[in-house]
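K.L.:
This is what each chain is made of:
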Amino acid sequence: MEPTNTEAPEYFHKVVDCQWACPAHTPVPEYIRLIAQGRHADAYMVNWKSNVFPGILGRTCDRPCEPACRRGRVEDEPVAICRLKRVAADNKGDVKARMPAPAANKIGKKVACIGAGPASMTVARDLAPLGYHVVVYDADAKSGGMIRSQIPRFRLPESVIDEEMGFITDLGLEMRLGERIDSLGALLKEDYDAIFVGTGAPRGRDLDVPGRQEAAANIHIGIDWLSSVSFGHIDSIGKRVIVLGGGNTAMDCCRTSRRLGGEEVKVVVRSGFEEMKASPWEKEDAMHEGIPILNFLVPKAFTHEGGKLTGVVFEKVAPVFDDKGRRSLKPTGEPDQHIECDDVLVAIGQENSFPWIERDIGLSFDEWGMPVVDLITFQSTNEKVFFGGDAAFGPKNIIWAVAHGHDAAVSIDHYCRGTDVRLRPPPGVLVSSQKMGIHEWSYDNDISNDDRQIVPQLPTAVALADVKAEVELGFDAALALAETRRCLNCDVQTVFATPLCIECDACVDICPTDCITFTVNGEEDELRPRLKAPALNLTQDLYISGTLPTGRVLVKDEDVCLHCGLCAERCPTGAWDMQKFVIEMTHAGGAK
Amino acid sequence: MTYIVKPQFHHPSLSTNKLGFTRRDYEGRVSTLCAGCGHDSISAAIVQACFEIDLEPHRLAKLSGIGCSSKTPDYFLSASHGFNTVHGRMPSVLTGANLANRELIYLGVSGDGDSASIGLGQFAHAMRRGVNMAYIVENNGVYGLTKGQFSATADKGSKSKKGVVNSDSGIDLVALALQLGATFVGRSFSGDKEQLVPLIKAALTHKGAAFIDVLSPCVAFNNHKGSTKSFDWVREHNEAVNRLDVILGRAPVTASYEPGSLVEVAQHDGSVLLLRKVAQDYDATDRVKAMAYLQDRQAVGEIVTGLLYVDPDAEDLHDALNTVNRPLNALSDAELTPGSAALAKINAALR
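From first to last, the protein sequence lines are chains E and B.
No gaps in the numbering here: position 163 of the first sequence is 163 in the numbering used here, and each next residue is one more.
No gaps in the numbering here: position 230 of the second sequence is 822 in the numbering used here, and each next residue is one more.
Treat the hints with caution; some may be incorrect.
[What the hints assert, rightly or not] As a list, the in silico DSSO-like pairs of lysine-lysine whose alpha-carbon atoms are at most 27 angstroms apart: (1) E:Lys532 <-> B:Lys869; (2) E:Lys189 <-> E:Lys266; (3) E:Lys277 <-> E:Lys330; (4) B:Lys817 <-> E:Lys532; (5) B:Lys799 <-> E:Lys532; (6) B:Lys799 <-> B:Lys753; (7) B:Lys799 <-> B:Lys739; (8) E:Lys396 <-> E:Lys266; (9) E:Lys435 <-> B:Lys785; (10) B:Lys869 <-> E:Lys580; (11) E:Lys532 <-> B:Lys785; (12) E:Lys109 <-> E:Lys384; (13) B:Lys869 <-> E:Lys14; (14) E:Lys324 <-> E:Lys277.
Read the hints as simulated data drawn from the structure, not as lab findings.
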């Protein structure tokens, strides 16, 4: 193999698994260290810069960082990254003074953001400080989009949304709330230099089976129902509730039902428990509140009597695998199951809906009715119109919407300035030694053996009594500190200097996870299995040195390196050094 | 020196031996030696060897004298017995321990100062008596703890870090061990675990006095140009006579070898030493030829390594003294105090 080029920013970035996995590339270990030092406001600002909604995401993020976390490969569970983010947000104090000021000088460009959800608000956050006149439209009376309408208050208090939306509106936006855009064509005729569409996936999928019309009064579309609860239009539900669907919306529906009078609430899912789309922790939370999840049942018909819903008939299915290992659900032939209920919530998916976009304004749609959007620039075929969030590529989650927003803002900025929309500013990268003394580092390299800390919760009885009572209480100071110490500081990289190595083997002997091998070079396939510990995780790179005096090379498998720095501590010549790798995505205009 | 405890997390694929232990279970405390010390590599080789021979840690006694090398038993096999003795006196204490409890496996760890200077007499007598032990000298040719004076194994003509040329002849512990009657003699290098680990395994399973001289560069005081114990010098002048594989419990030999290139040596405990010849005319079972070969090669500046001599049918001190088969602490009062009639019989025999 060729010696590793550590100058390329991707190499070390990939080693920071959490940051690499985060769509917005939040510098996770950096803010976790700040929390450990009690610098919550600093930790918050590191987050705010990259993911815009730390308080919201610290409660609701889909956390792609956690399955990626290296800690999860050396023990049972990853670091509770998401809940640590909440710690930063909860304890930050007043950070208003640290937010960017509204632009002193306007640059004379006007941008419309349609929808006041996470994608649009990120675009506004990035462009407003540059001097853009940003106008945000939303049909609802308050900003936040699905964050406010669909996420139940017991998971996300309204004050958190108000504060974080407020940081952005304070940048000098023109908020036109309660104003629905019914025609993109009409908006295009106004004096906007660019338009960003961040309208999400607002339509809940319906279930068209017999009885749907007759029992309509007690059959509700999940996201619409959640939104009505959110805005206080609905405050009760029947005693027996069936929630159809296995995603996070279904989990929110069933837990909300439990708080509005639902005593026997069941989630019924077509697939198996493992294949459900809901995050594992959301399933756990639902079951913790006494909600059973029934699997492999396909709804066949709604039963009703005198125009009133009486229950749902389900067909029993089982997974069948074909020759190619593809799974399909086949009826088992057992008798159908009838489950009685008073209300049904349908949470079987969300769809995009663009009835307000005319098809003759130069904006192409694909065969599935989705706008044709460039994967990098987020520009549609009408060069003035950009898409992001769920509106661009279908339903994802908040953190993806933020990432889209940042990228779309870069494109819009280029477009308005007449530069190449495809240009992406390179990330800011800094690599610096963390050596403080002979065996002292600027970070805590003494690896904690603690298990993942559990977030304290309200007692279930108290939680179920109030739909607005936040269930999770968040880590207290002691739990937060213990959890921060579980972070392996993967951004503090092991950096090897070939000319200094005397091949004494000290690093090989001390490495607790057998990451280091000195051997003759070879092709990657052949090299991986013959290392001191076979490097079988192909998603993790091998770090290869130049050829050493004995003709061998150093091969370091990045997979389960603890970043404990013992290789560098035991190296007599300083060939190993622990260097912090800071990578920051550059936002529109190089915005801070 | 490292202050933190080595993290207990290990690679997910780390294997276990017959006893269910991982290699990490054979480790000791974090070393306080200088970073890069060859001795730490030898400790790692001992850990690896004990793991591979499925050694029960409580069956091993590790004894040492004084010096950098003699500190190392703290850095491996935390669950074994240990005795850090007086300078140069490890062989006596070990001999006593061995006579008292012959059921333990004895590992003596010493250095060039401890064995070739203050303890030279002790070393000699442990070898000639055939004490059943593995005696490892971690040989760096320098007094590291007192900051770099030549030790007794430093070669004549080699240079100290300050540029002083050594005018004294160096003691070759391998030549001495052969001459004194050691029944297993090897030499290796801390930077070559492929060679060192099998040698330690063989030494631990050998019955009789097994001696291994391990060249172990002192990175702080003896790893410069002009030193003959530096990483570079040893790598350049290292001439292995053979490569060793240790097969435990008569496991079938699966690897294929060129005819005539392989020597099989069966040891008392059932283990088999497979010697792959590197130097074609070298016979590791002939003490006299081995001594002559070593002298020849040394004269041309080569450092001969490998399993240099083995007598698989060796006897040990217990055989010579005809001692009781059981450890002394396992003997009952009746056996230890046979009564006045037995005493009268002994007295009568001496009249």
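K.L.:
Look at each hint and say if it fits the structure.
P.N.:
Okay, the hints, checked on the actual structure:
1. E:Lys532 <-> B:Lys869: holds (26 angstroms)
2. E:Lys189 <-> E:Lys266: Roughly 50 angstroms between the alpha carbons, so the hint for Lys189 (chain E) and Lys266 (chain E) is violated.
3. E:Lys277 <-> E:Lys330: The given pair, whose Cα atoms are some 20 angstroms apart, holds under the 27 angstroms limit.
4. B:Lys817 <-> E:Lys532: The hint is violated at about 31 angstroms.
5. B:Lys799 <-> E:Lys532: violated (31 angstroms)
6. B:Lys799 <-> B:Lys753: violated (40 angstroms)
7. B:Lys799 <-> B:Lys739: violated (37 angstroms)
8. E:Lys396 <-> E:Lys266: holds (25 angstroms)
9. E:Lys435 <-> B:Lys785: violated (30 angstroms)
10. B:Lys869 <-> E:Lys580: Between Lys869 (chain B) and Lys580 (chain E) the Cα gap is close to 49 angstroms, so the pair fails against 27 angstroms, i.e. violated.
11. E:Lys532 <-> B:Lys785: The hint holds at about 12 angstroms.
12. E:Lys109 <-> E:Lys384: holds (13 angstroms)
13. B:Lys869 <-> E:Lys14: Roughly 46 angstroms between the alpha carbons, so the hint for Lys869 (chain B) and Lys14 (chain E) is violated.
14. E:Lys324 <-> E:Lys277: The hint holds at about 23 angstroms.
Consistency note: the structure conflicts with the earlier hints numbered 2, 4, 5, 6, 7, 9, 10 and 13.
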